[in-house]
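Starting from the given sequences, assemble the full structure and let the hints guide the process.
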Amino acid sequence: MIISNITSNSLSIRFSLDGFSLYIHDENNQLISSKTVEFELIKQTIDELHYILDNTRELKLNFKSIRIIYETNQYTLIPYKLFDIDNIQHFLYLQHPESKKFENFAYNHLLAWDIYIAFAVPNNLHEVLSKIFPEIELQHHIYSFINDKVPLQKLSSIFVIDRNEMIDVIAIEKGTFQLVNSFKYASPETALFYILKVYEQLKLDVNQCVTFLNTNKSNSALELLIKTYIKNYEIC
263 MIISNITSNS LSIRFSLDGF SLYIHDENNQ LISSKTVEFE LIKQTIDELH YILDNTRELK
323 LNFKSIRIIY ETNQYTLIPY KLFDIDNIQH FLYLQHPESK KFENFAYNHL LAWDIYIAFA
383 VPNNLHEVLS KIFPEIELQH HIYSFINDKV PLQKLSSIFV IDRNEMIDVI AIEKGTFQLV
443 NSFKYASPET ALFYILKVYE QLKLDVNQCV TFLNTNKSNS ALELLIKTYI KNYEIC
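Under my numbering, think of the first position of the sequence shown as 263, with each following residue one higher.
Hints were generated in silico from the structure; no laboratory data involved.
Hints may contain errors.
Keeping only pairs whose Cα atoms sit at most 25 Å apart, straight-line, the calculated DSS-like set for lysine-lysine is [stated by the list, open to error]:
id : residue 1 : residue 2
1  : K489      : K479
2  : K362      : K446
3  : K416      : K393
4  : K446      : K459
5  : K436      : K326
6  : K411      : K459
7  : K411      : K489
8  : K305      : K363
9  : K411      : K493
10 : K416      : K446
11 : K343      : K416
With beta-carbon atoms standing in for the labels, derived distance ranges [unchecked claim]:
id : residue 1 : residue 2 : range
12 : N317      : I398      : 16 to 22 Å
13 : N469      : A448      : 26 to 32 Å
14 : S272      : D346      : 32 to 38 Å
Ideal placement from N, C-alpha and C gives every residue a C-beta, glycine not left out.
Written as structure tokens, this is what we have:
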């Protein structure tokens with residue numbers, strides 16, 4: 263597809279360990295183009311990764327705005343009162359000891375709840391992005407989802423992000439943040455178990471609290487299960 267160089271368009275780049283995807287939206291936030299480039303991120307040298315991005319035609323166009331997102335399970339939440347840049351890695355190591363192999367990290371501030379989400383960043387990705395997009399903040403995928411999809415009204419809701427045999431569950435009670443957690447699942451039934459477990463642990467009413475599912479799989483087995491067991495359900 264030929265994409266015209268229209269400066270009112272916006273670009274979103276989403277990196278993961280499997281490569282990256284590009285999404286171009288018009289001024290009405292309608293998706294007009296997307297592209298996925300698959301490779302093993304960790305195995306790329308800095309020069310190889312820089313070459314891949316430098317030869318991606320879409321990145322040479324002009325955009326009104328550019329957002330860069332990294333999808334990773336190696337993250338932790340830090341309350342504002344405990345947040346200290348010098349101690350971010352210690353918080354990450356406590357929850358994700360394997361993150362010690364990464365020298366770099368990033369963080370985003372969830373203003374609505376005054377919480378920071380900190381996450382480990384592969385060294386090659388950090389180095390290349392700092393050269394190509396030095397002024398753009400790298401966003402964790404949960405941070406970008408909350409900014410885009412989670413309303414600030416004082417509602418009680420469960421938000422579920424379905425992605426590559428993982429789900430992220432975000433729980434909000436009367437507008438107050440309760441938890442964010444990620445679960446690996448081998449079957450839709452396992453994913454549903456984790457969702458219902460969050461309801462149980464937080465003592466949320468499954469008949470009152472709305473579950474919002476974010477997925478790119480239309481009528482997936484997980485969606486059909488949620489419809490069966492959870493009364494208030496919506497796609498977001």
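Now the hints, each set against the structure:
Restraint check for K489 and K479: the C-alpha separation of about 15 Å stays at or below 25 Å, so the hint holds. For the hint linking K362 to K446, the alpha-carbon distance of about 21 Å falls within 25 Å, and the restraint holds. At roughly 41 Å between alpha-carbon atoms, K416 and K393 are farther apart than 25 Å, so this suggested pair is violated. Taking the CA atoms of K446 and K459, the gap is near 14 Å; set against the 25 Å cutoff, the hint holds.
A C-alpha spacing of about 35 Å is found between K436 and K326, which places the hinted pair above 25 Å, so the restraint is violated. Proposed proximity of K411 and K459 is supported: the alpha carbons are some 22 Å apart, at most 25 Å. Simply put, K411 and K489 have alpha-carbon atoms about 20 Å apart, close enough for the 25 Å limit, and the pair holds. A C-alpha spacing of about 14 Å is found between K305 and K363, which places the hinted pair at or below 25 Å, so the restraint holds.
Between K411 and K493 the alpha-carbon distance is near 20 Å, which keeps this suggested pair within the 25 Å criterion. This hinted pair does not check out: K416 and K446 have alpha carbons roughly 29 Å apart, beyond 25 Å. Taking the CA atoms of K343 and K416, the gap is near 23 Å; set against the 25 Å cutoff, the hint holds. Range check, N317 to I398: about 20 Å between beta-carbon atoms, so the 16 to 22 Å window is met.
Look at N469 against A448: about 28 Å separates their beta carbons, and that is inside 26 to 32 Å. Range check, S272 to D346: about 33 Å between beta-carbon atoms, so the 32 to 38 Å window is met.
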